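Spelled out from the first residue to the last, the chains are:
There are 2 protein chains.
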Amino acid sequence: MKKWLFILLTIGSTAAVAQTPDLMPLPAHYTLSSNPYRISRTFSIEVQGEADPRMYREASRFFQRLSERTGIFFKTWLVNATSRINESGLLIKVQRKGKVELGDDESYQLQVTSSGIQLNAVTDIGAIRGLETLIQLIGSDANGYFFHGITIDDRPRFSWRGLLISQPYHFMTMDVIKRTLDAMAAVKMNVLHFYISDDQGYRIESKVFPRLHELASDGMYFTYEQVKEMLDYAHQRGIRVVPEIDVPGHSTAIIYAYPHLASVKREYTLQDHWGVFDPTLDPTKETTYTFLDSLLTEVASLFPDRYFHIGGDENTGRDWKRNPEIQSFMKAKGLNTTLALQNYFNKRVRGILEKNGKTAVGWDEVLMKEINDSTAKKYFEEGRYDQLIETAVPKDMVIQSWRGMEALLSSAKNGYKSILSKGYYIDLVQPASYHYLNDPIPFRNEVIIPDSEANFNRFESNIVEKIKKGERLLSENEEKLILGGEATMWTEHVTTETMDSRIWPRTGVIAERLWSPPHVRDVDDMYRRMDILSIQLEALGCTHIKNRDMMLRRLTGMQDVHALANVVQFLEPVQGYQRNKLNNFTRFSPYTLTVDIAAPDQKEVRDLKQKFQQFRQRTDTAWKQEARELFYSWIANDRIVQDIAKRTPALADLAQHSAHLSKLAISSLRVLNASPASFASEKKEWMTTADGVKKPIGHCELKAGEAIRDVISSLSLQ
Amino acid sequence: MKKWLFILLTIGSTAAVAQTPDLMPLPAHYTLSSNPYRISRTFSIEVQGEADPRMYREASRFFQRLSERTGIFFKTWLVNATSRINESGLLIKVQRKGKVELGDDESYQLQVTSSGIQLNAVTDIGAIRGLETLIQLIGSDANGYFFHGITIDDRPRFSWRGLLISQPYHFMTMDVIKRTLDAMAAVKMNVLHFYISDDQGYRIESKVFPRLHELASDGMYFTYEQVKEMLDYAHQRGIRVVPEIDVPGHSTAIIYAYPHLASVKREYTLQDHWGVFDPTLDPTKETTYTFLDSLLTEVASLFPDRYFHIGGDENTGRDWKRNPEIQSFMKAKGLNTTLALQNYFNKRVRGILEKNGKTAVGWDEVLMKEINDSTAKKYFEEGRYDQLIETAVPKDMVIQSWRGMEALLSSAKNGYKSILSKGYYIDLVQPASYHYLNDPIPFRNEVIIPDSEANFNRFESNIVEKIKKGERLLSENEEKLILGGEATMWTEHVTTETMDSRIWPRTGVIAERLWSPPHVRDVDDMYRRMDILSIQLEALGCTHIKNRDMMLRRLTGMQDVHALANVVQFLEPVQGYQRNKLNNFTRFSPYTLTVDIAAPDQKEVRDLKQKFQQFRQRTDTAWKQEARELFYSWIANDRIVQDIAKRTPALADLAQHSAHLSKLAISSLRVLNASPASFASEKKEWMTTADGVKKPIGHCELKAGEAIRDVISSLSLQ
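Read top to bottom, the protein sequences are chains A and B.
Per my numbering, the first sequence runs over residues 6 to 723.
Per my numbering, the second sequence runs over residues 6 to 723.
A couple of the hints might just be wrong.
A pair counts as met if it fits within one copy or between any two copies, since identical chains are not told apart.
Each computed BS3-like pair below joins lysine-lysine, with the alpha-carbon atoms no more than 30 angstroms apart [as the list claims (entries may be wrong)]:
id, residue 1, residue 2
1, LYS352, LYS418
2, LYS586, LYS80
3, LYS80, LYS700
4, LYS418, LYS485
5, LYS98, LYS400
6, LYS651, LYS80
7, LYS400, LYS336
8, LYS80, LYS270
9, LYS651, LYS608
10, LYS400, LYS360
11, LYS400, LYS212
Because the hints were derived from the structure by calculation, they are not lab data.
Source: prediction; values computed, not measured.
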């Protein structure tokens, strides 16, 4: 029996259309040439100028990757200060050692010609960014490998281009963190936001308060040495690591280890479930600050970055209200709201950080006033941004906006440095295009695609109106306060096996949004380049592609899972927080099922859509036979899937989706084969079928119907 | 365009034939029943008796794996001393804490019935072995998941069942070591032989001699903390870790860091290439022993196991001959040969180990006399085993035999404990069946398949004769000295990406050889069970299946590599040391090419062979059409491959093999379609073609022709 797959072949089909080089992120300025540099065994690298030792290690790593991609046995492979170019090769010139800190120069100029390659940069960090560009320029033909001819003058648009990884939910091991750092470096991201503490666990060693890792980690934490290992790895790639200890809420783990810090006396245990919980540090006791002084000083000493995140989000306030002593304290101090008390707490915490030479970062709650929505909306519409926030908070605090543009705008309007995360929540498995068009400084007259979670968008419509009218939201100086953004990978619903498919390749387009000029926003071209990037990220160890079939093999015990893969390729997890609404998920749940094997924004769905759009443009009708064969293959595939699923209960969701795909195929064939008499009713029936089969089953959606809907609905009798 | 794969479907085709349960290794005694235990959400585990805390962690890990495989959301998930069975579940009874040391009790009894599961063991290590059996007993049907009904009484045949990983060539990171330990535990192996030092590097931190890791590691080493992390991980799985510091040869790394230890003064640098090199410690200087005293004491303190490997192999002796002072020393001491001097050295080293409470292990050179082959052969044939070895070596030394049976036999005959590695060199990419039939105590009248490397087999023919005659090679007491065996993964030609496909699943059959009774040696059934095991190993993180397509994607930059995979599935790396004979391979070479993507003993080759054997047994001729379609698909596939390879020079080898596959298909079709007049000549032509296409290209061989040769050659006109 022959096997078959019905993924559509798109090799080379879009290459001719492309006007941009195969780079992600796209450089600020570039000029393509038809003058490639051909790579030979004698290729060599020389570094001139005062570079950090990191530069030589990265140049050696570049050599290794180049060898792996091309199969060339190079004569030399290690680059050090004495390395010289033999005949021709890559000459790197740097002016000074880069500092892995906010705002240091990351610009570079790269010129590739047939006679050689020159990479110039102010700092070695800039040169390292340039190396990542260069490795994306590898091409090949019958005569061998080459770097495409190009002249590039590149620099980032924003200085803070981050990715948050939360460790308390599903713990990510060192190898996961390392491959993530490799992939971040590949797309020129420069901040790993390392989220350490939450209700579910505390994830680094504490020598000062060892119960934190001994008791509140379930054995899953980074030791001092491992923290250093991670920092060294990031440092070599010019990536900062910003730690976060989330207080005063999200603190069950800390309280479980040290119950005297709690606002309410009760039995504490680590949370197994996901959500927002009440346990909160007691902000009225001096012992709390003594504790935090020691703890934050310890953590600050481990992480060299100037910035230190103290969380401050989602304090329910309920435990403070439950404790009469805290209520009395508030009255005595004239603190009328939970937020006022939290501001008092924040001030004390900031003091500790200042003593350690650190600048605090907080989620937008640390700044926003606790006022009701209608009042807030009124202030916002009237432009009274100062009324929305606690302007007493010192201006050197950095605000991370996760709730929406109103927070970002208000903080910038009031002189606070800000980074945007709203719209970059990659754990919500939304399409890359959504994240891509979400700009920290909204672009020209274009409108942001609204988020599906209405509660995070109370001011969004207002902003959209302003943008539509072409109004500038921020002054030039205010715009400078927007430092950049951060993609966030909250790890409730991912494991070490599935996280990569939720981060990559989509986060590559966020990296481009934060690096490339604002006018770079062609969605089709973005997808073309993202798919190329995806393979390059896999070569760095990311498992976003290869784990799909592995997980299908685990569920079936079979080596050959192509029939199942044929269905999964059209399945995407339900977007947003749907899965959080169920209470049965914990760290120990099986994250190995259909929804976990499915991935957001599937390439194959986009390919299917593109294929049908090409059909639509055809003047002949031969495409109908091609389409029929595709639909027949879906039906045949379903028979295999049902046979496997029959004895594999864990595939129940997948089997239903497969049956739906078959149903869609049958309905599609009926439309294609319809007589003039039945055509209209078959088309109507198709719409009903398509609506039916797209409904979520097992937290994922079959996207095949939507991909071909336009074409089917535009069909007419010929 | 539809995609297709031409791998043969064999799902369920062999299941009916099987008489054995789907277990690897097979238990010593078992009785199958048709009384399965059905798994529900309320499944629970209780541990009775005095168990090491390791038992609870392993039971919890079992729970997690069960959940991942079945998708069941269990009500409980963490097993501890207070865990009790709810309704029904798994009751584990252990008598005492196991000791992770040679020879502790690993036996267990397992009973699975519809009313519950009982696992009894003397030690918790035995119970952990039983858990690995139980997880292999998962089955499923339309009603859900179950454990197959069975009664098992199991214990290992040998007490030393090891795997050697060499760290100096290609360094294996912590995640690789951990997944290897997981896989070893799955097949009940109990020794990780951790090979630390060689000419290419020294791979653990030394606080006593820090230049070892600072200078002689290229930055690739395990810190103290990482060594402990590895040991803890192994300890939880009941796996010993035996360190090896190879002296006095294979010591360039040590000498590079501390040149005063060298036998010859010269410029030393780490070896980048593979092979046997001259640099050797100077055995005549007291400073050498002072150094080794400190170093071995340090390493001995890190690794708690009683056994410590000191290497002793492949000392070329040349550097000792080059140094007149060493020659004078030998004369003065009456040491006439290199080996005599090495024995003097070994004695001193053993003294250091004894002081640390350690027993030395050495490669067979530490025992074998340096006598010429003909004399040795004479002694061997005459049964004068004492003449072959240095009987002065203390009897508590363990001999690891890598050169052949003569060493193993001689050492056992003279009262030395021995472990066999000859025949378990998995880095030589030989078929699983070869390793499987290689028994540390040769079985009955069966003959060992001779190794292709004649120089390691000078006595093999002699032994084969004895076995053929049914002579017992060792007495019962001598047999008891054979402790077991070790598979060896020398990492010259593997990277972290490819090592798994060289270890797994083949090492599973070595594990079975060392665990299961000697009469368990049905090769067909072994392969059936090995293929099932392979998927289970992948679920533990092993990359032996999923990295194939990843590596093809890296070389092509394409998501869809099925046409390439269709060829690679029939390609196996050339067996033995062929690749070592070329001098162009180093740690930095591209181990990403066709030979690295290919894997030993491909399942698809075996499936193809099986398919054609089934054809042969058919009485109708309809199979010919099936065969024709297969051959057509090979030809069509080649067109796609050539198109891709045209612009991908790194695929040159693969393209040639693909062309050969197409050529073989054309020739096969000509045989199938031959007229009576041309039949004989087409068959003859086929043989020439098949001989031609099996020749190695790029260090790998196309196996498709051999798989179908029997059937084609037995074809007759009908």
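Is the C-alpha distance from LYS80 to LYS700 at most 30 angstroms within one copy, between copies, in both cases, or in neither? between (58 angstroms within a copy, 29 angstroms between copies)
30 angstroms Cα cut-off: does LYS400 pair with LYS336 within a copy, between copies, both or neither? within (27 angstroms within a copy, 83 angstroms between copies)
At most 30 angstroms between CA atoms: does that hold for LYS586 and LYS80 within a copy, between copies, both, or neither? between (58 angstroms within a copy, 19 angstroms between copies)
Have a look at LYS651 and LYS80 and pick one of within, between, both or neither, based on CA distance no larger than 30 angstroms. between (56 angstroms within a copy, 25 angstroms between copies)
Give the relationship of LYS80 and LYS270 under a CA distance limit of 30 angstroms: within one copy only, between copies only, both, or neither. between (68 angstroms within a copy, 28 angstroms between copies)
At 30 angstroms max between alpha carbons, let me know whether LYS418 reaches LYS485 within a copy, between copies, both or neither. within (11 angstroms within a copy, 83 angstroms between copies)
Given a CA cutoff of 30 angstroms, do LYS98 and LYS400 count as a within-copy pair, a between-copy pair, both, or neither? For LYS98 and LYS400, the Cα distance exceeds 30 angstroms both inside one copy (38 angstroms) and across copies (63 angstroms).
Homo-oligomer pair classification [LYS418, LYS352; C-alpha up to 30 angstroms]: Result: close within a single copy only, 21 angstroms intra versus 79 angstroms inter.
State whether the alpha carbon distance between LYS400 and LYS360 is at most 30 angstroms within one copy, between copies, both, or neither. within (17 angstroms within a copy, 65 angstroms between copies)
Using 30 angstroms as the alpha-carbon threshold, which applies to LYS651 and LYS608: within, between, both, or neither? both (28 angstroms within a copy, 25 angstroms between copies)
Given a CA cutoff of 30 angstroms, do LYS400 and LYS212 count as a within-copy pair, a between-copy pair, both, or neither? For LYS400 and LYS212, neither the intra-copy (33 angstroms) nor the inter-copy (47 angstroms) Cα distance is at most 30 angstroms.
The structure does not agree with the numbered hints 5 and 11 stated previously, though it agrees with the rest.
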